[in-house]
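Using the hints provided, position chain E relative to the given structure of chain X.
Just so you know, the sequences run in chain order X and E. Final position of the first sequence in the numbering used here is 319; the numbers increase by one with none missing. Final position of the second sequence in the numbering used here is 638; the numbers increase by one with none missing.
Honestly, the hints are just simulated from the structure, not real lab data. Here a beta-carbon is modelled for each residue, glycine too, at the ideal position from N, C-alpha and C.
DSSO-like mimics (lysine-lysine), calculated; alpha carbons at most 27 Å apart, straight line:
#1 X:K295 <-> E:K584
#2 X:K234 <-> X:K247
#3 E:K637 <-> X:K316
#4 E:K357 <-> E:K445
#5 E:K635 <-> X:K318
#6 E:K597 <-> E:K357
#7 X:K265 <-> E:K637
#8 X:K318 <-> X:K39
Between beta-carbon pairs, the in silico distance windows are:
#9 X:G57 <-> E:R391: 38 to 44 Å
#10 E:E537 <-> X:Q279: 41 to 47 Å
#11 E:R579 <-> X:S284: 20 to 26 Å
#12 E:E605 <-> X:K254: 21 to 27 Å
#13 E:E551 <-> X:T209: 36 to 42 Å
#14 E:R636 <-> X:Q258: 25 to 31 Å
#15 E:R564 <-> X:S282: 39 to 45 Å
#16 X:L291 <-> E:E631: 24 to 30 Å
#17 E:Y389 <-> X:Q208: 46 to 52 Å
#18 X:A116 <-> E:V324: 49 to 55 Å
#19 E:K563 <-> X:E312: 39 to 45 Å
#20 X:D300 <-> E:R516: 49 to 55 Å
#21 E:I425 <-> X:N28: 50 to 56 Å
#22 E:D348 <-> X:R277: 14 to 20 Å
There are 2 protein chains.
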Amino acid sequence: MSVKVELIENLYKANRRSIARSISIVENDSTDSSELLKKIHSQIGQAYRIGITGPPGAGKSTITNHLTKYYRKQNKKVGIIAIDPTSPFTGGALLGDRIRMNEIGIDEGVFIRSMATRGSLGGLSKKAIDAADVLDAAAFDLIILETVGVGQSELDIAQAADTTIVVLVPESGDSVQAMKAGLMEIADFFVLNKSDRPGAEQAIASLQTILMMKDHDEKTWMPNIIKTIASENKGIIEIADEIKRHKDFMEANKLFIQKRELQMKLRIKEIVESKIRKQIWSESGENFLNLSLEKVVLGDLSPYHIADEIIEEFIKRKN
Amino acid sequence: MSVKVELIENLYKANRRSIARSISIVENDSTDSSELLKKIHSQIGQAYRIGITGPPGAGKSTITNHLTKYYRKQNKKVGIIAIDPTSPFTGGALLGDRIRMNEIGIDEGVFIRSMATRGSLGGLSKKAIDAADVLDAAAFDLIILETVGVGQSELDIAQAADTTIVVLVPESGDSVQAMKAGLMEIADFFVLNKSDRPGAEQAIASLQTILMMKDHDEKTWMPNIIKTIASENKGIIEIADEIKRHKDFMEANKLFIQKRELQMKLRIKEIVESKIRKQIWSESGENFLNLSLEKVVLGDLSPYHIADEIIEEFIKRKN
Numbered sequence: 001m002s003v004k005v006e007l008i009e010n011l012y013k014a015n016r017r018s019i020a021r022s023i024s025i026v027e028n029d030s031t032d033s034s035e036l037l038k039k040i041h042s043q044i045g046q047a048y049r050i051g052i053t054g055p056p057g058a059g060k061s062t063i064t065n066h067l068t069k070y071y072r073k074q075n076k077k078v079g080i081i082a083i084d085p086t087s088p089f090t091g092g093a094l095l096g097d098r099i100r101m102n103e104i105g106i107d108e109g110v111f112i113r114s115m116a117t118r119g120s121l122g123g124l125s126k127k128a129i130d131a132a133d134v135l136d137a138a139a140f141d142l143i144i145l146e147t148v149g150v151g152q153s154e155l156d157i158a159q160a161a162d163t164t165i166v167v168l169v170p171e172s173g174d175s176v177q178a179m180k181a182g183l184m185e186i187a188d189f190f191v192l193n194k195s196d197r198p199g200a201e202q203a204i205a206s207l208q209t210i211l212m213m214k215d216h217d218e219k220t221w222m223p224n225i226i227k228t229i230a231s232e233n234k235g236i237i238e239i240a241d242e243i244k245r246h247k248d249f250m251e252a253n254k255l256f257i258q259k260r261e262l263q264m265k266l267r268i269k270e271i272v273e274s275k276i277r278k279q280i281w282s283e284s285g286e287n288f289l290n291l292s293l294e295k296v297v298l299g300d301l302s303p304y305h306i307a308d309e310i311i312e313e314f315i316k317r318k319n
Numbered sequence: 320m321s322v323k324v325e326l327i328e329n330l331y332k333a334n335r336r337s338i339a340r341s342i343s344i345v346e347n348d349s350t351d352s353s354e355l356l357k358k359i360h361s362q363i364g365q366a367y368r369i370g371i372t373g374p375p376g377a378g379k380s381t382i383t384n385h386l387t388k389y390y391r392k393q394n395k396k397v398g399i400i401a402i403d404p405t406s407p408f409t410g411g412a413l414l415g416d417r418i419r420m421n422e423i424g425i426d427e428g429v430f431i432r433s434m435a436t437r438g439s440l441g442g443l444s445k446k447a448i449d450a451a452d453v454l455d456a457a458a459f460d461l462i463i464l465e466t467v468g469v470g471q472s473e474l475d476i477a478q479a480a481d482t483t484i485v486v487l488v489p490e491s492g493d494s495v496q497a498m499k500a501g502l503m504e505i506a507d508f509f510v511l512n513k514s515d516r517p518g519a520e521q522a523i524a525s526l527q528t529i530l531m532m533k534d535h536d537e538k539t540w541m542p543n544i545i546k547t548i549a550s551e552n553k554g555i556i557e558i559a560d561e562i563k564r565h566k567d568f569m570e571a572n573k574l575f576i577q578k579r580e581l582q583m584k585l586r587i588k589e590i591v592e593s594k595i596r597k598q599i600w601s602e603s604g605e606n607f608l609n610l611s612l613e614k615v616v617l618g619d620l621s622p623y624h625i626a627d628e629i630i631e632e633f634i635k636r637k638n
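So here's chain X without its partners, still in its complex pose:
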């Protein structure tokens, strides 16, 4: 174990270098990572976690920036983790990041970290949630987890967030499609950004129709639709108000604890699987696999046979 006591002490004091160092530790997912996260566990749970997802170009970063400025005026500290599970085809988000850094990155009460990788989306979300824990331990009041919606990551982030916002634009249009695909389940509310563009009213009408179809009583939260023009800073206060309203509703109906319990359960599962993976494919596991490989290529045994053998060998090794 090699996580220094000093590092953790300075992290609690929100020392920027220690925050950056700690996030790098969880990002590298070394043995130090689980050590660090165990140690800081008692200090987390105070920050409110906001998930923001939506298609590329919907204005997620702009909304995050303005929302951050709004919270800063109330003297709240804001941590931002921007997750970019970039496909080779959608390209990166580096330019957006540079602009962002100039606007709010120099503020001492704001900490921004981008996490991007090709492949292994699951792993990326796990690391992002670990990084949120680091910011939580550093006493940030709000943590914004921003992710582009291309696959698994928006579901993972929704599971880790206290309030999840789905940002759409009139052009992404097909809100019916989005609904069918299950965004109903993850959105605590919708933001229709660029709401001065053609098609905005139709987009809202069709969103509303689908929301109406949902069964609900007074103990069920009903997602709202907030209109914004983020580039002109319009509708940002309304977003903050809706986050507050959702938080209050969750607390009043004792849904908050329930949600955190479910979050924790999913998180433990992911940690278990990630650790087991590492243990299996340690040096001796890799060697065993390489030795067995020939038998499969020659056609004597199926990969499913070999898999069984590897699991048996792993269990034996662990005893």
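Showing chain E alone in chain X's frame:
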């Protein structure tokens, strides 16, 4: 074990109902799945596997359809697995499928299966590769694995394919970006579809520039760029020729066996991880997790502590 001998016998005879039933078994990923795949292992390895990937709307399905018709004229049997790791935002591919079925789906020498899901991309690719084994056992000569490039799935498919084709269009333009993101490594060749559109020559020029920068000697395969207008059936023979040229090159330079070995290795790893996941989260594993949950929510133990306990308990249980 409950996979009937009959089912497998009929699968080998390429009975359509048995193929469909067998693919459903691997798709449901039940215990029968690994039983079935073990049994058919000795009968696979003859089919040639072609991976086709690219951004949405690049024309992958159209190319697959025409390529299938071309191979059918040579009396080759073609199996198609279309993988759609659909994001809530990109929508589904059902319409395309219906059109496809009308065109080539009624041909006895063609078998088409679409696999789509939200989330768990890794799992989807594994099932697609299992389904390819089923088609291989049913004596299809060629298996086309078609996937939209949004994240992990195109990498998984490239690892499972003998020849991987990356389809681009002039509008997806940013070939430099695509290259940087690592498509160089997975493309055995590129297809520039809709090559009569503006920007085609520039797209090819920039692709070529980047390909030239790659180190190579006569024993390294150099990816080509094939121009097509798939909607007009132009360039399809050229694709088939390039696949053949790649296959011959791989065999002549003994790279083929090497590639299959690597494929098998990655595949075994995925099977092991999938099996272990199932074993851990069996009923007793879930119970143990639920009992531990309270300790985490109360803040006594971190999720990382509980994860260690769950792994220990799992190892004990397996002995």
